[in-house]
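There are 2 protein chains.
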Amino acid sequence: MLLGADTANKSAIEFWFDFSSPYSYLAAEKIDALAASHQRIVHWHPVLLGAIFQITNAVPLVNMPIKGDYSVRDFARSARFFDLPFTMPAKFPLPTQVAARAYYWLCDHDIAMAHDFARAIFRALFVHDRDISALAVVCDVAASLGLDADALSLAVAQPEVKARLKSETDAAILKGMFGAPFFMVNDEPFWGVDRLPQLEKWLATGGF
Amino acid sequence: MLLGADTANKSAIEFWFDFSSPYSYLAAEKIDALAASHQRIVHWHPVLLGAIFQITNAVPLVNMPIKGDYSVRDFARSARFFDLPFTMPAKFPLPTQVAARAYYWLCDHDIAMAHDFARAIFRALFVHDRDISALAVVCDVAASLGLDADALSLAVAQPEVKARLKSETDAAILKGMFGAPFFMVNDEPFWGVDRLPQLEKWLATGGF
Numbered sequence: 001m002l003l004g005a006d007t008a009n010k011s012a013i014e015f016w017f018d019f020s021s022p023y024s025y026l027a028a029e030k031i032d033a034l035a036a037s038h039q040r041i042v043h044w045h046p047v048l049l050g051a052i053f054q055i056t057n058a059v060p061l062v063n064m065p066i067k068g069d070y071s072v073r074d075f076a077r078s079a080r081f082f083d084l085p086f087t088m089p090a091k092f093p094l095p096t097q098v099a100a101r102a103y104y105w106l107c108d109h110d111i112a113m114a115h116d117f118a119r120a121i122f123r124a125l126f127v128h129d130r131d132i133s134a135l136a137v138v139c140d141v142a143a144s145l146g147l148d149a150d151a152l153s154l155a156v157a158q159p160e161v162k163a164r165l166k167s168e169t170d171a172a173i174l175k176g177m178f179g180a181p182f183f184m185v186n187d188e189p190f191w192g193v194d195r196l197p198q199l200e201k202w203l204a205t206g207g208f
Numbered sequence: 209m210l211l212g213a214d215t216a217n218k219s220a221i222e223f224w225f226d227f228s229s230p231y232s233y234l235a236a237e238k239i240d241a242l243a244a245s246h247q248r249i250v251h252w253h254p255v256l257l258g259a260i261f262q263i264t265n266a267v268p269l270v271n272m273p274i275k276g277d278y279s280v281r282d283f284a285r286s287a288r289f290f291d292l293p294f295t296m297p298a299k300f301p302l303p304t305q306v307a308a309r310a311y312y313w314l315c316d317h318d319i320a321m322a323h324d325f326a327r328a329i330f331r332a333l334f335v336h337d338r339d340i341s342a343l344a345v346v347c348d349v350a351a352s353l354g355l356d357a358d359a360l361s362l363a364v365a366q367p368e369v370k371a372r373l374k375s376e377t378d379a380a381i382l383k384g385m386f387g388a389p390f391f392m393v394n395d396e397p398f399w400g401v402d403r404l405p406q407l408e409k410w411l412a413t414g415g416f
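For the record, the sequence lines run as chains H and U.
Under our numbering, think of the first position of the first sequence as 1, with each following residue one higher.
Under our numbering, think of the first position of the second sequence as 209, with each following residue one higher.
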């Protein structure tokens, strides 16, 4: 993708998420177009929310008393609000190491393809209820995009790819991430898909 | 206030909050106008979030590691997003029993005045950084609206007014409230000032 001079000169939007986060799925469907309309690119960073929750003593939303039941209802309603398909996965939350490692391996080769892969992983989980914690499913999603599933399968076992995911998760914690999705524009943090209107106003006005 | 036939025939929006909740302050400034534009009235219910958090094992937002720091920043930015003044109170969170009891005493006499009083309490805390946990401050806010502060001072000590606050808090828990602000339209729950766009779409479409 060729970028205009405007885009090249503006700092990127940083976008941290876990593939197991429903609100991150919704954000992933919206953020690239939102950024492009303000001449920005987006750096996607899949991370492991479980590691972050260990720091903050947080528990997955759906495991919280009362709030958990509301959240499941809110996931589906928020998807309808954004006109996006949504199915609550049977296995949830689930480990996302394999998908996240695959993302980092891909993004060093073809960043646009890596974004397509990330969206395809999200849809596999939150539209088609597939178990994306399984390497076979991640490979199948990759193959459906024309990617080399055998190469991906080897790549996600490489120590440097595993280390990349760990360092990205550590970096997210240092940036103040405590939940997903988490965004940063210049040094301004935004948490949650429901902060996209504020993020967009920030881009449009240069801060408010 | 005279209501049109349309308004009288549509069920009210239920609005639960704690006077110590910044996002509830923002919602309180918006909800009556939003409801009126869809021919709805709003039933305001101040409750004690501390009692609700005992059920759900939750802690005040500002006391949470990392998330607390973000929240303080987000309170102020969300206020600017809504074009509302905001000052982070020096004493926060703080007990709100007195203000909530005063509200229930007032609403049995003059519902419009009770809403004005509630907004004035919120502004005393979140704009003028006054200690609304103090009876003297609550009375002063009431007096500034032309209310009988002496009568209010006696009312908030009455057993039936205290019992009303407790029963309203219990009812909120039964409705599934776990955080503030919390809304219900017919049987659909909405949590957070950031769900007002979904609540408004629900009113406009009859559900989506």
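Keep in mind that the hints are not guaranteed to be accurate.
[What the hints assert, rightly or not] The list that follows gives simulated cross-link-like pairs (lysine to any residue, SDA-like), each with its CA atoms no further than 20 angstroms apart: (1) H:175 - U:275; (2) U:383 - H:175; (3) H:175 - H:29; (4) H:67 - U:281; (5) U:409 - H:73; (6) H:30 - U:402; (7) H:67 - U:269; (8) H:166 - H:155; (9) U:275 - H:174; (10) U:238 - U:324; (11) H:201 - U:404; (12) H:162 - H:95; (13) H:162 - H:173.
[Claimed, not checked] In silico negatives: residues of chain H with every beta carbon more than 12 angstroms from chain U: (14) 58; (15) 83; (16) 163.
Simulated from the structure, these hints should not be mistaken for lab results.
C-beta atoms are modelled at their ideal positions from N, C-alpha and C, and glycine is treated no differently.
Going down the list of hints, with the structure as the test:
no., hint, result
1, H:175 - U:275, "holds (12 angstroms)"
2, U:383 - H:175, "violated (37 angstroms)"
3, H:175 - H:29, "violated (23 angstroms)"
4, H:67 - U:281, "violated (23 angstroms)"
5, U:409 - H:73, "holds (16 angstroms)"
6, H:30 - U:402, "holds (17 angstroms)"
7, H:67 - U:269, "holds (14 angstroms)"
8, H:166 - H:155, "holds (15 angstroms)"
9, U:275 - H:174, "holds (13 angstroms)"
10, U:238 - U:324, "holds (13 angstroms)"
11, H:201 - U:404, "holds (17 angstroms)"
12, H:162 - H:95, "holds (14 angstroms)"
13, H:162 - H:173, "holds (17 angstroms)"
14, 58, "violated (8 angstroms)"
15, 83, "violated (10 angstroms)"
16, 163, "holds (24 angstroms)"
Hints 2, 3, 4, 14 and 15 from the list above are not met by this structure, while the remaining hints are.
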